[in-house]
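Protein chains in written order, with the working numbering: chain A, 10 to 481; chain B, -1 to 454.
Hints in this document: simulated from the structure, not taken from any laboratory.
These numbers were taken from a predicted model, which means no experiment stands behind them.
Below are the DSBU-like pairs computed for lysine-lysine, each with C-alpha atoms no more than 35 Å apart in a straight line:
1) A:K401 with A:K336
2) A:K90 with A:K128
3) A:K123 with B:K7
4) A:K128 with B:K7
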Amino acid sequence: MSDLRAQLQQVFNEPDCATNQAKPARERKKGCSQLLAPGAAAGGCAFDGAKIALQPITDVVHLVHGPIACEGNSWDGRGSKSSTSQLYRTSFTTDMTHQDIVFGGEKHLYKAIKEAVEKYNPAAVFVYQTCVPAMIGDDVEAVCKAADSKLGKPVIPVNVPGFVGSKNLGNKLAGEALLDYVIGTEEPEETTPYDINIIGEYNLSGELWQVKPLLDELGIRILACISGDAKYHEVARSHRARAAMMVCSKAMINVARKMEERFGIPFFEGSFYGIGDMSDSLRRIAQLLVDRGAPTELLDRTELVIEREEARAWQRIAPFKPRLLGKRVLLFTGGVKSWSVVAALQEAGLVLTGTSVKKSTPGDKERIKELMKDDAHMFDDLKPREMYKMLKEAKADIMLSGGRTQFVALKAKMPWLDINQERHHAYAGYEGMVALVSEIDKALSNPIWEQIRRPAPWENAAMDDELAIHIA
Amino acid sequence: MAKVTVSQKQCTVNPLKMSQPIGAALAFMGVEGAMPLLHGSQGCTSFGLVLFVRHFREAIPMQTTAMSEVATVLGGFDNVEQAILNIASRAKPGFIGICTTGVAEIKGDDLNGFLKLIRANYPELGHIALVDVSTPDFEGAFQDGWAAAVTRMVEELVDAPTLEMRLSRRVNILPGCHLTPGDIDELRDIFEAFSLDPFFLPDLSGSLDGHVPAEFTPTTLGGISLEQIRKMGSACWTVAIGEQMRGAAITLEHRTGVPYKLFDRLTGLGANDELMSFLSRISGVPVPRKYRRLRSQLVDAMLDGHFYFGGKKVAVAAEPDLLAAIAHWLHEMGCEIQAAVSTTGSPALEHIPAKEVVIGDLEDFESRARGADLMITHSHGRQAAERLGIPFFRIGIPVFDRLGAGHQVTVGYRGTRDLIFTVGNLLMANGHEPTPETWLPPPQDASRLVSLHIPS
Chain A
10 MSDLRAQLQQ VFNEPDCATN QAKPARERKK GCSQLLAPGA AAGGCAFDGA KIALQPITDV
70 VHLVHGPIAC EGNSWDGRGS KSSTSQLYRT SFTTDMTHQD IVFGGEKHLY KAIKEAVEKY
130 NPAAVFVYQT CVPAMIGDDV EAVCKAADSK LGKPVIPVNV PGFVGSKNLG NKLAGEALLD
190 YVIGTEEPEE TTPYDINIIG EYNLSGELWQ VKPLLDELGI RILACISGDA KYHEVARSHR
250 ARAAMMVCSK AMINVARKME ERFGIPFFEG SFYGIGDMSD SLRRIAQLLV DRGAPTELLD
310 RTELVIEREE ARAWQRIAPF KPRLLGKRVL LFTGGVKSWS VVAALQEAGL VLTGTSVKKS
370 TPGDKERIKE LMKDDAHMFD DLKPREMYKM LKEAKADIML SGGRTQFVAL KAKMPWLDIN
430 QERHHAYAGY EGMVALVSEI DKALSNPIWE QIRRPAPWEN AAMDDELAIH IA
Chain B
-1 MAKVTVSQKQ CTVNPLKMSQ PIGAALAFMG VEGAMPLLHG SQGCTSFGLV LFVRHFREAI
59 PMQTTAMSEV ATVLGGFDNV EQAILNIASR AKPGFIGICT TGVAEIKGDD LNGFLKLIRA
119 NYPELGHIAL VDVSTPDFEG AFQDGWAAAV TRMVEELVDA PTLEMRLSRR VNILPGCHLT
179 PGDIDELRDI FEAFSLDPFF LPDLSGSLDG HVPAEFTPTT LGGISLEQIR KMGSACWTVA
239 IGEQMRGAAI TLEHRTGVPY KLFDRLTGLG ANDELMSFLS RISGVPVPRK YRRLRSQLVD
299 AMLDGHFYFG GKKVAVAAEP DLLAAIAHWL HEMGCEIQAA VSTTGSPALE HIPAKEVVIG
359 DLEDFESRAR GADLMITHSH GRQAAERLGI PFFRIGIPVF DRLGAGHQVT VGYRGTRDLI
419 FTVGNLLMAN GHEPTPETWL PPPQDASRLV SLHIPS
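Full structure from sequences and hints, please.
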């Protein structure tokens, strides 16, 4: 466990995390090791986070070493898409029983790895350590090492018992596993001056594919996406990329930073959400590649694509404007980092009437104030009960949030759109913003709202009077 | 009849099974004003919560003691105490049902002792009922957790008998976890039609039937009240549905003297005839006209449907009581149970009309379902059905890729009738159209031709 301790401390102190750097010095030391409040906690554990981060690697076995809860209660729940192998959607677990608890689960784990390798011939096996085997002292690193050498396949330990912390921490520990055991272990057949890595993009609902065609058009090759639609060998060879983009969520910042340290791959933090951010990201990718020696004409070609796509996107958003003008949006996400999403909403005529700032830095808050003018509200920690009251009193026309608050909105008979990771629509790139505006329009203009807000006949006083007359 | 075998694999692939604590948590959700609490890492709760949200499409009240690494070593008393205090102040529940997990069980936390201590230290929490249940993740399955939670609620919440007269119309019903909120509504109608006054423990029909309440509540939206649970000793009968509920029914009988009748299933003509006779006998009310008509409609549905069921090979994977209900019903419609896979041991399994029942996973299911006409299991079977190209009917928990899981009704004459239509339509839609090649004789190789010509 001491190795894990050291790794945790290191991950917490992430120097490149802007959120962390924006905190006062004393808080900074704590990093993102938020204390979880018993009875008032929401969200997944470290194992959950690691699985989210690595499961998008498609051609490997993801084997969960633990009792049935960890995998049996959760599998096939994540929407990352694959262009080739579907193996990542098959679920593997040791399903530990009482016997394992008494005698130790290491042998069981080894046999399970062997069985999975023999039956499914994966490119590699990722083994996830969970709470129960961690408590009884199963040494997954040792088992993986033995399996690796005996079975001739990469077997990667991912040491993430749920009790070490939150989902976000699990993301980072997953990144550490890639850095320690995968990245740089193989060499690509060929490299080009146009090779990039995209880090922290999981291809949920196929969002990578809203971006990739433009990169293809520019001749930019995604050497590895970590980890959306990735194959194991791509990740293993990713250390030869010329540049990297770290997608806005800070979940995998440790991967980006350490790849810069170890392999000299410069990275920037960008986002594919929002028209402005998408353009910026393309620009910065091109610039980084040119800085690393790609021909400068790439910059011009990039500008042409940006100009064309931006025009096309605005043109497609324009027709929605008269329909959406003045509609009030409540925006609840972890921390609003994609300012250009807000910009796109405003461009479509929507008014941002309130947003959560729970996870935002002081700098973020300033920016929200600028964007939202005076009448908007910032909420630090809005309890579901208060949120329901706001919606019920119709202080907004639509709420955009994650699944957790879905029913608060719906039960208040308020249009709602999922903008978190469980969503079924892809909102990345230029295509994605057009889709988002179109989805908002669909949600707002659905004829059910008018019908379901009508009172039931027996709630209508006039009808009662009428009935009374008839009865009399 | 069936030989029950346990899969001997070391690696479970595509689990059918889910864990005990969330089964127990769901049982607690059938109580009004409840907040289920899992004593474990926060992932234990969040996985269950997401699973139920996807299945019921409802907000799910469920909390965690958020055990940290340090707490798993030093013990979780502080976490349990903090969690209860936080829940009491934030959600204001009337009832907190607390389940252990693998983490708590391995540490050896004495949850029951914790609660006694918390009770003593916080008299101001006296109005909140607290029930603990031991549900290690590494034993049993979802169904066992549900059953254990119901038994514990009976032990802790039902008043011991007094001299109070029994109410001749009152009946306790202990539904297994395979009954949906829709099933419970259907059963309530049936019992009330016999002028009986049913108390369901748990009652998911009030909490997870997907209604739109007038006010926001962070706990369950409905369910059986604590007051009603206390009074279960005043019933004249207890009806348990599913073998899993036998333990809770016996506990209730021991505690209150209320006799119980166990129905191992309520899907199918015979099973419902038995229910009708029983209800008529205990209520003294003749079977109402409505149910005589519904029976006749079911008989007609069986007549119309049997053409499409007869001889069909069906593969079913479900928790023991659901598997039993569905497999017996299919067998009664003329199907052959080609494969039966379940999650945990149960006396119900050996009676299933199949050669073998495997306690295993969906990989076992997939390998045995090859060539079947229909596959039946929860939504996790979708990949297998797709790979095999076999029509797929979703039942059980979770069903996350279809609407209305909470209202799928399989009990009663009406539920059985509608099940015949739904499943029959699937079989009908996937009948094989003949082509000129359908009846080609099998290809014969040369050696076989020769052997045919040489008289032996």
